[in-house]
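Colleague: What follows is the residue order along each chain.
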Amino acid sequence: MFSKKSNSISTKATNTKLITANLNQNLSEITAIFKDDRDFSIRHFHFSGTVPAALVYLNTLVDQDMIAQNVLKALKQQQNGGNQLANNINKTVMEEIIYPTEIQEANNLTTVVNSILQGDTVILIAGHTSAYYVNTYKIPERSVTQPESEQVIRGPHDGFVENLATNISLIRYRLSNQSLRITPKELGKQTKTKVAVLYVENLVDNNVREEVEHRLNAITINRILDTSYLEQLIQDHPRSPFPQLLYTERPDVIVGNLLEGRVAIMTDGSPGGLIAPATITQFIQTSSDYNQNFMISSFIRMIRVLALILSLVTPSFYVAVVSYHPELIPTRFAIAITSGRTGVPFALIMEVFIMEIIMEILREATIRMPKQIGNAISIVGVLVIGQAAVEAGFVSPLTVVFVAITTIGSFATPNYSMGFSFRLLRFFSLLLTGLLGFYGFMISWMIIMNHLLSLRSFGVPYMSPISPVHWKGLRDSIIKAPIKWLINRQK
Amino acid sequence: MQKQDIKITTLQQATVLINSTIGISVLSLPRLGAKEIGTGTMLLTLIVLIILFLFVILFAILGRRHANQTLIEYGNTLLGKPINFIFGILLVLQFLVLTALILREFAELMAVALLRETPLYVIMLIMLITVMLSIKKEFIVFGYTHMYYFPYILVPGILLIMLLFPKIHYYNLLPVLGNHFSITNMTDVGTNMLTLPFFQIGLFTILIVIPRMKKPKKALKSSILAWVTASFIIMSIIVITFGYLGSDIIKDEVWPVLTLSKSATIPLPPLQRLDVIFVVFWIITGYTTIFTGYFIANELCCMLVNIDEKKRHVAILFVPVVFTIALIPKNHLILYEWMFLIGKYSFIFTASYPILLLIISLFKYGWYARRHEQ
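Just so you know, the protein sequences line up as chains A and B, in that order. Mind the numbering: the first sequence is residues 3 to 493 in the numbering used here, read in order. Mind the numbering: the second sequence is residues 1000 to 1373 in the numbering used here, read in order.
To be clear, the hints were calculated from the coordinates, so they are not data collected in a lab. Just so you know, not all the hints are guaranteed correct.
No farther apart than 25 angstroms at their CA atoms in a straight line, the calculated lysine to aspartate or glutamate pairs in the DMTMM-like style are these [said to hold, decoys possible]:
#1 B:1006 with A:213
#2 A:194 with A:104
#3 B:1080 with B:1307
#4 A:474 with A:207
#5 B:1166 with A:329
#6 B:1006 with A:212
#7 B:1006 with A:238
#8 B:1006 with A:207
Covered, in the sense of this in silico footprint (three residues per stretch, anywhere, with C-beta under 8 angstroms from a C-beta of chain A), are these stretches of chain B [stated by the list, open to error]:
#9 1006-1019
#10 1105-1114
#11 1279-1290
Each residue gets a CB set at the ideal place from its N, CA and C atoms; glycine is no exception.
Just chain B, same shape as in the assembly:
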């Protein structure tokens, strides 16, 4: 019918990255290190974001080198079909599990913040159905969706930062290194943070989206910009949380940022409480991350088994899988244990696959190959 090959713009790619990266895990991020290293968490988060930033650059370079092919296609040429197929299947499974974990985290949050008596599975099922319905025939709709929800995330995010920044107690922010600074603590907490599922989902969008871009050459620039923006928002939220609540309170909160957003007020009755705006914020951030994770799994699967792109809505098949996995953890404590554990292994995988591809690609087509030709 009409031209279906409309490409994703640079701006849309950036919003995909930002939306997917700012997930609901940000809510619990300050707590992860508060107990062990206290205020040092802020510095650690910054380090983690910088490490991930390097990955962003590597991923973008890889994507740019093979802008005409999809991830699985160039994986096939670089690794050979059988090996790549195994990698692909594992990636699909990995993203399904990660999505399920985030979904569960989202449901736990909703159960605390909004629906105290609703069973978790209802919340999860509804969200899953919404996500499934969001996967449309055309890839570009993925870009449109993220572009559209970007203001929903940006505006409340900036609002939160602006309203609470003046309320920071600066003594809460010090010492920068934390009270119980030790390398072991730092690396332990650091790995936990680094391997959080939502970062991995955010990172992986780069590889999925670049082949569909109008100007893949700009992907590196836009990814960097997007990552800086996302990092800025995440860092600001964390600094404000520490500055406002202090590490002692954060330790005992499951979702410290949620508590924080409840204290944001503006002197304008009857809108004094801004909970509603932030609830919108958290639902949308949760949605975009889960959507992206699910979308990546679906997209990889479609590419692996050569399903026609217009039949993307086979996505429905993953619903029971994700739903069942999300039901397994008994409570949020176990959920976080799982997240750290699975996150670590999957991160090795998320990082190693593209880096492996990049290295092979450099050897095959890059300076190495060129030197040998001469």
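So here's chain A without its partners, still in its complex pose:
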């Protein structure tokens, strides 16, 4: 299904050249397009041992064994029938000779060129005004492994790969349901990336589905190299730091969401899918929540919410209390804090700010390094920031503790982009708190919350089911009710 080109491309070219009966002319037309591309191959042969013919393909995209065995060999074999063959060439090729399952006929050069680009092998026969293209696409593909960013302890361990067809097979495998619809699309003027929109027909919210398709169709961009391109192009509020579509690399998450009436978008070349609409509670959920006792998963989810909030408020709360409202701290502890800060040359807000920035630098440094060096960096980070900085009187020990809590809190969020947006916003919160103390802290909290309250993901309020309150939805939000209560839920 996905190896086929959509009609939109062939219709776009207005002066479409038709295939002529002259084989050499056809070939030179195609060669004029591909020029002397290294991987462009033309294989001349005689169809049925008599009629001159040629196979055209890009040898980097195709399975050469398959062409040799199933296409070329079959075409070269002597066919019975003599004259009859010439009249019936179409039927013979399409129905009798070719072994590969997907073969189609084309009568213009644009389709032919497009199919060559997608890894098909084109058969041109002299004296015949149509071409045939056979799906012989093959690219090196990594095996299905557990996605590194979404590991689970209990639950399936397979993750998406870059190949769209494999990914779809992983979804079909879990959801062998006749209502599952997989709508193909082709996006990106230059890349012509295959995109699939998936939904379950009788469960999906049609407004959302139509909106997804509408927004996808409106995309005019040259390249789509990953699902994240689509995410940025179709989200409701591009100027918001929060992710408005859920990205996942796990087939079971996609299937679960499809069954809850959502729409999934998959892109060829990207090991993950997008789920629309997304609400904020989805970003603190993982698939393993459903594989565990409801008490355990509810507890874990609450811990995650706590971690997320901590990653946002810890540094600013610390600054607000210590530098603006020390009266809130019990006396004995206040003395400990003050003595820890003796000799620190910075104002507390500066100190926290510098530490947070250093923390971000460390994080960024470890991400791209090879594992061996990454370990070295974390050791340096721990030693320099954890101990030496305190001993040198550069920062106070308490600051280190709070900065560490912030960082760990943001790592405990299952979704990377959500964790990142909170990490980003904590600087905003820190800034306002530094200026206005607890008042600034509350103001920053309110601005962030009001922004969240106004967000929508494909028409669905982002903060749902918290506000607007959706009582049934709350069963599977920050807590997870026993699975019995969730069974009849559709959306």
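Since chain A is already given, all that's left is putting chain B on it; use the hints.
Modeller: Using the frame of chain A, we list chain B on its own:
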């Protein structure tokens, strides 16, 4: 794009009313009558709340009668465009002034409770910007916002009541009528309380929100429930303040309830002091009231001059106006004088406009018209 006409639910309407009604003026409410009528203030507050309750019912009935139109729209049909336009402009101005006064009150409170050295205008400007940013393209976000902040107000409110209720000295609550009971005193203080800006803002939300409701028929019920809840919280806070501090101390405090909340403790170190929780409470209550006042002014203005609803963020134009008005009073004493003075005139207006509409509406479409048709 997507359907924009999502309607406010009954629950959201109730929370809008509660949030807007419980404002920071509650902090000073016990003081208003403490000097003149002492403990009689409690009874008076109850009376005031009951009087306002009648207004709530009237407003809800009016809103329900014209649930398909906005306030200005049915004002136009009932009063005629020119008269209604003048009324509308005055209402916008009135709510801008009321919002400015509450903003100033909020800033004065913050200057006492949190930021002793920060200039007032910084506090006010930041709050105004926050409020301005909270006004989004869709009306429903107004409902979402209030729904979301409702627990922030309810939980600390209940906590305050629960923690301090056992500490009440009952002799502080008596006599019920106060020591210097006289009708003049009662009416004087009563009018001051009745006309406090935050009550007016709370009341007016009913008229603004009902046309946007999913089930406007339920508005009466939900408004009554919301008003009872808000009244319960306000009354409890006032009774506790009197019971705990006594009217002699309250007299000398600018914000008696603030003092009260500082004495709420739980025996669990290091969280003994609950100031933080109550500071959250006061900031949020202040915010919701100012937000609502500003929102009403903006909404009325949009309706009057036919600005498209999605361009609600013209709200930014009001920022300098509100800010300047809020800067005018010299100190909190003058601020309160202003509040009483302006409050009285604006209350006449807040009350008379809807009642006028209701009367005309009853004559035009109600029993009167029906009888004459027959």
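Colleague: Each hint: holds or not?
Modeller: A quick look at each hint next to the structure:
1. B:1006 with A:213: holds, 20 angstroms
2. A:194 with A:104: holds, 20 angstroms
3. B:1080 with B:1307: This hinted pair holds, its Cα atoms lying about 19 angstroms apart.
4. A:474 with A:207: Distance ~17 angstroms between residue 474 (chain A) and residue 207 (chain A) Cα, so the pair holds.
5. B:1166 with A:329: It holds: about 23 angstroms lies between the C-alpha atoms, which stays within 25 angstroms.
6. B:1006 with A:212: OK: residue 1006 (chain B) and residue 212 (chain A) at ~22 angstroms, within 25 angstroms.
7. B:1006 with A:238: holds, 20 angstroms
8. B:1006 with A:207: Holds, because 19 angstroms separates the two Cα atoms, which is no more than 25 angstroms.
9. 1006-1019: holds (count 3)
10. 1105-1114: Three-residue rule met by the segment 1105-1114 of chain B, so holds; n is 3.
11. 1279-1290: holds (count 4)
Of the numbered hints stated above, none is contradicted by the structure.
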